[in-house]
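Put chains B and C on the given structure of chain A with help from the hints.
Protein chains in written order, with the working numbering: chain A, 10 to 337; chain B, 10 to 337; chain C, 10 to 337.
Calculated from the structure, these hints are not laboratory results.
Certain hints may be false.
Identical chains share a label here; the pair holds if one copy fits it or two copies do between them.
Unchecked claim - Here are the simulated DSBU-like cross-link-like pairs (lysine-lysine), alpha carbons at most 30 angstroms apart as the crow flies:
#: 1; residue 1: K102; residue 2: K184
#: 2; residue 1: K232; residue 2: K102
#: 3; residue 1: K57; residue 2: K43
#: 4; residue 1: K232; residue 2: K321
#: 5; residue 1: K331; residue 2: K320
#: 6; residue 1: K43; residue 2: K320
Chain by chain, the residues run as shown.
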Amino acid sequence: MAVTLKELADVIGAELAGDAGISISGAGTLEQAKAGEVTFLANPKYLKQLETTAASAVIVAPSVSMDRLPLLKAKDPYYAFALAVRHLHGTRKHSFTGVHPRATVDSTATIGEGTTLYPGVYVGPRVRVGRDCVLHANVVVYEDCVIGDRVIIHANTSIGPDGFGFATNGGIHHKIPQIGNVVIEDDVEIGSNCSIDRAALGSTVIGKGSKLNDLIAIGHNTKMGPHCLIVSQVGIAGSANLGHHVTLAGQVGVAGHIEVGDNVTVGAQAGVTNSVPEQSVLLGSPAMPIRQARRVAAVFVQLPELQDRVKKLEQSVEELSKDDEPAA
Amino acid sequence: MAVTLKELADVIGAELAGDAGISISGAGTLEQAKAGEVTFLANPKYLKQLETTAASAVIVAPSVSMDRLPLLKAKDPYYAFALAVRHLHGTRKHSFTGVHPRATVDSTATIGEGTTLYPGVYVGPRVRVGRDCVLHANVVVYEDCVIGDRVIIHANTSIGPDGFGFATNGGIHHKIPQIGNVVIEDDVEIGSNCSIDRAALGSTVIGKGSKLNDLIAIGHNTKMGPHCLIVSQVGIAGSANLGHHVTLAGQVGVAGHIEVGDNVTVGAQAGVTNSVPEQSVLLGSPAMPIRQARRVAAVFVQLPELQDRVKKLEQSVEELSKDDEPAA
Amino acid sequence: MAVTLKELADVIGAELAGDAGISISGAGTLEQAKAGEVTFLANPKYLKQLETTAASAVIVAPSVSMDRLPLLKAKDPYYAFALAVRHLHGTRKHSFTGVHPRATVDSTATIGEGTTLYPGVYVGPRVRVGRDCVLHANVVVYEDCVIGDRVIIHANTSIGPDGFGFATNGGIHHKIPQIGNVVIEDDVEIGSNCSIDRAALGSTVIGKGSKLNDLIAIGHNTKMGPHCLIVSQVGIAGSANLGHHVTLAGQVGVAGHIEVGDNVTVGAQAGVTNSVPEQSVLLGSPAMPIRQARRVAAVFVQLPELQDRVKKLEQSVEELSKDDEPAA
Numbered sequence: 010m011a012v013t014l015k016e017l018a019d020v021i022g023a024e025l026a027g028d029a030g031i032s033i034s035g036a037g038t039l040e041q042a043k044a045g046e047v048t049f050l051a052n053p054k055y056l057k058q059l060e061t062t063a064a065s066a067v068i069v070a071p072s073v074s075m076d077r078l079p080l081l082k083a084k085d086p087y088y089a090f091a092l093a094v095r096h097l098h099g100t101r102k103h104s105f106t107g108v109h110p111r112a113t114v115d116s117t118a119t120i121g122e123g124t125t126l127y128p129g130v131y132v133g134p135r136v137r138v139g140r141d142c143v144l145h146a147n148v149v150v151y152e153d154c155v156i157g158d159r160v161i162i163h164a165n166t167s168i169g170p171d172g173f174g175f176a177t178n179g180g181i182h183h184k185i186p187q188i189g190n191v192v193i194e195d196d197v198e199i200g201s202n203c204s205i206d207r208a209a210l211g212s213t214v215i216g217k218g219s220k221l222n223d224l225i226a227i228g229h230n231t232k233m234g235p236h237c238l239i240v241s242q243v244g245i246a247g248s249a250n251l252g253h254h255v256t257l258a259g260q261v262g263v264a265g266h267i268e269v270g271d272n273v274t275v276g277a278q279a280g281v282t283n284s285v286p287e288q289s290v291l292l293g294s295p296a297m298p299i300r301q302a303r304r305v306a307a308v309f310v311q312l313p314e315l316q317d318r319v320k321k322l323e324q325s326v327e328e329l330s331k332d333d334e335p336a337a
Numbered sequence: 010m011a012v013t014l015k016e017l018a019d020v021i022g023a024e025l026a027g028d029a030g031i032s033i034s035g036a037g038t039l040e041q042a043k044a045g046e047v048t049f050l051a052n053p054k055y056l057k058q059l060e061t062t063a064a065s066a067v068i069v070a071p072s073v074s075m076d077r078l079p080l081l082k083a084k085d086p087y088y089a090f091a092l093a094v095r096h097l098h099g100t101r102k103h104s105f106t107g108v109h110p111r112a113t114v115d116s117t118a119t120i121g122e123g124t125t126l127y128p129g130v131y132v133g134p135r136v137r138v139g140r141d142c143v144l145h146a147n148v149v150v151y152e153d154c155v156i157g158d159r160v161i162i163h164a165n166t167s168i169g170p171d172g173f174g175f176a177t178n179g180g181i182h183h184k185i186p187q188i189g190n191v192v193i194e195d196d197v198e199i200g201s202n203c204s205i206d207r208a209a210l211g212s213t214v215i216g217k218g219s220k221l222n223d224l225i226a227i228g229h230n231t232k233m234g235p236h237c238l239i240v241s242q243v244g245i246a247g248s249a250n251l252g253h254h255v256t257l258a259g260q261v262g263v264a265g266h267i268e269v270g271d272n273v274t275v276g277a278q279a280g281v282t283n284s285v286p287e288q289s290v291l292l293g294s295p296a297m298p299i300r301q302a303r304r305v306a307a308v309f310v311q312l313p314e315l316q317d318r319v320k321k322l323e324q325s326v327e328e329l330s331k332d333d334e335p336a337a
Numbered sequence: 010m011a012v013t014l015k016e017l018a019d020v021i022g023a024e025l026a027g028d029a030g031i032s033i034s035g036a037g038t039l040e041q042a043k044a045g046e047v048t049f050l051a052n053p054k055y056l057k058q059l060e061t062t063a064a065s066a067v068i069v070a071p072s073v074s075m076d077r078l079p080l081l082k083a084k085d086p087y088y089a090f091a092l093a094v095r096h097l098h099g100t101r102k103h104s105f106t107g108v109h110p111r112a113t114v115d116s117t118a119t120i121g122e123g124t125t126l127y128p129g130v131y132v133g134p135r136v137r138v139g140r141d142c143v144l145h146a147n148v149v150v151y152e153d154c155v156i157g158d159r160v161i162i163h164a165n166t167s168i169g170p171d172g173f174g175f176a177t178n179g180g181i182h183h184k185i186p187q188i189g190n191v192v193i194e195d196d197v198e199i200g201s202n203c204s205i206d207r208a209a210l211g212s213t214v215i216g217k218g219s220k221l222n223d224l225i226a227i228g229h230n231t232k233m234g235p236h237c238l239i240v241s242q243v244g245i246a247g248s249a250n251l252g253h254h255v256t257l258a259g260q261v262g263v264a265g266h267i268e269v270g271d272n273v274t275v276g277a278q279a280g281v282t283n284s285v286p287e288q289s290v291l292l293g294s295p296a297m298p299i300r301q302a303r304r305v306a307a308v309f310v311q312l313p314e315l316q317d318r319v320k321k322l323e324q325s326v327e328e329l330s331k332d333d334e335p336a337a
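Just chain A, same shape as in the assembly (with noise of 0.2 angstroms):
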């Protein structure tokens, strides 16, 4: 779809310097944009790009000036710039609508209008889907889990399957029904390949407008507030809670039954193992505030160097010490 640049800017906000009649007819990186496309400077590390980008406009912070291309200047660049893509070019337009024939539903389940079921998916007895969600191939969805409207689920992701819970008794792990369910809530996307547990008693919950990435493992009873952003391969044991706003970034682990408060962030691969407060910037494993975690890598790193450095002090101290001795 081609649209004015004045089109552009009016549907994204934004305040237009430059030509208003040039043709936009998609989107791209500042590296990649070519004639006919616009893109988008959020990061001034990128600034001298703008000399170079082969892009016919570009969606700037109102601070930035220059002459050599139309400019749209908007408060936040990359809002307006995913605004600019959405109108561009639209989300995924489906070849089929509805529950693809391929797809299995349970006929206790009910779907929400709107919603797409991809073949192979497979939704479970009694099951409720919202409206507007997309589940793409093979998702699974176990009984009695309730998903909300505008959810997406990425393939092969699994909703639902038991909890995690055994009782052991003469060495023998006896399993434990796990007969609650999961929660999914409006306008969550989950990646590829990931497995959200059933709760044993009540519900595993995915807060509102939460992102998760690809092969996540989430497991029994923990709630995720709303609005997190869960990076690929991050597993938060069970029975964890955790407020909104809470980024994890990659491989993360985060401990059971423990609290993560709102607005926390944690850097990749870092291991959650005790509560945190909100508004905490946590890295390393074990996790620490992030100032101290760098402080501790960077010693760290230089281990032998402090490892020899306290044995030369043992020398020069032995030394010392000898010479202190009282002459006989």
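Just chains B and C now, kept in the frame of chain A:
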């Protein structure tokens, strides 16, 4: 299903203290159980919740006494609770029996009596699946694999994909045909989205009664003994040998070609790079005995302070050395 | 299939020392091979097993001599063994040809000759799959992705789900349509339960001849060069650039927007957070040159002892300082 407290006590082998006639229709945690439900107390830490729980009866250790609620005294309260949950709620009821018409079973495979295959399951040539198994939706079992009796495999798990075997020659990785298989012994449960690779030659084995959670990767030719507990996102490289009753917490990595002894326990995110004697309890990356790992971690998080102390020592020693110099 | 040792020697390009007429019908490891089977010795560490193996012939390096068994001398015994296994056992035989009736291929997708699609495979709009590929059961390929020739993708893997792209505005995460695709070049093999995200714009690329094991997450717009080896549970964030012949061991994490040079090797569980020059061998989190990482680890596991040494030094220095004080 509702039962009298007397019946429940008999079923779970508990001694009843209180009104035998009250009706129990469900089970819940101390916090979440409602009137008419039974709960349990296994960890003395939660003793105070006995005063506030809404449950109508509590399973406790024989030493616990109280008047507020009827008690079911059992030697192992958690195990007794597991039995109670099973009696009250039963195990999963499938909405169909046997092989679902949308499961695909090769004509040369055999499926035992009482086994349930969900939609999207694929069972390859010459596979044998035992009795009373459940393969949830979209489980894939490659050719020649063997699955015992009463095995549960959750959605989207892959049993028997090729092991990672390549001979690199002239910069090209040449595939070594993986002609072995996977053997899953009786009473194993495997979570969702796991990958158990087939052996190059011989078998990859998951021992009787072992329980695996989600997103676990098991390399080719690895042997896991009976009754292991493997938490989500664990990775075990090829040709590792695990004993019986090994417990690996979340995100643990185990190197290939090593021995992990019986009853070994490894804490979350640890990296086991060498063989480990039986009964060891390990933590950390590289994995260490847990006492050592905790002491190491305690110093680790204070590395900047340790470095400061060394710096101060260096200054003191330098001063002392000056003082110590013979007066000219 | 049974062949004479002479035939086998010719096929694998080895020099025969011993009875050319004996019949070989299979292949096995030194420990597991039976009479009538060929084995190999690539690592001198296992030299003693030549005395005890039940195999009928052994592929060895040219320098090895022995009388007990017929030898097949080859410059690269492991590669020669791979050729032998392939000759004796062949590659996987499928029990059907072409697109299985239970695979779902969009009408606008193209599937090359000789390509096998297993049940439950979903191939979306405008996808191109090359010749002689195998997509195992329940593999999902999203719209517009391109798969080369002779590519193998194992069960439950997802190619082309949306990259993790959101513009956060007013606390809400707004989805940025992911309008790029994934390009899998020729001769790639991808294990089971992997997720390769489509690019936001442009392509995520897996280079020719690269081999990936299981449960691997590749972020949007990442480019992997040819002939890489990526072990299970590796995660590579978005917009990373890997050279050729990069090897990443199990559970490694690679940050986004960095460059990993040609022939780089990274040890298990490492975290690569910065760009890395070619030929580097790294270990640890954060990843360091392997020599440094090993020295750091050696001190790390003895941190409590190092702390004790510092404490002792502090005491000694304090005493020395007292002695050093001028007598009043």
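Hints, verified against the model:
no.	hint	result
1	K102 / K184	between (43 angstroms within a copy, 15 angstroms between copies)
2	K232 / K102	between (32 angstroms within a copy, 26 angstroms between copies)
3	K57 / K43	within (17 angstroms within a copy, 64 angstroms between copies)
4	K232 / K321	neither (53 angstroms within a copy, 47 angstroms between copies)
5	K331 / K320	both (17 angstroms within a copy, 20 angstroms between copies)
6	K43 / K320	neither (61 angstroms within a copy, 56 angstroms between copies)
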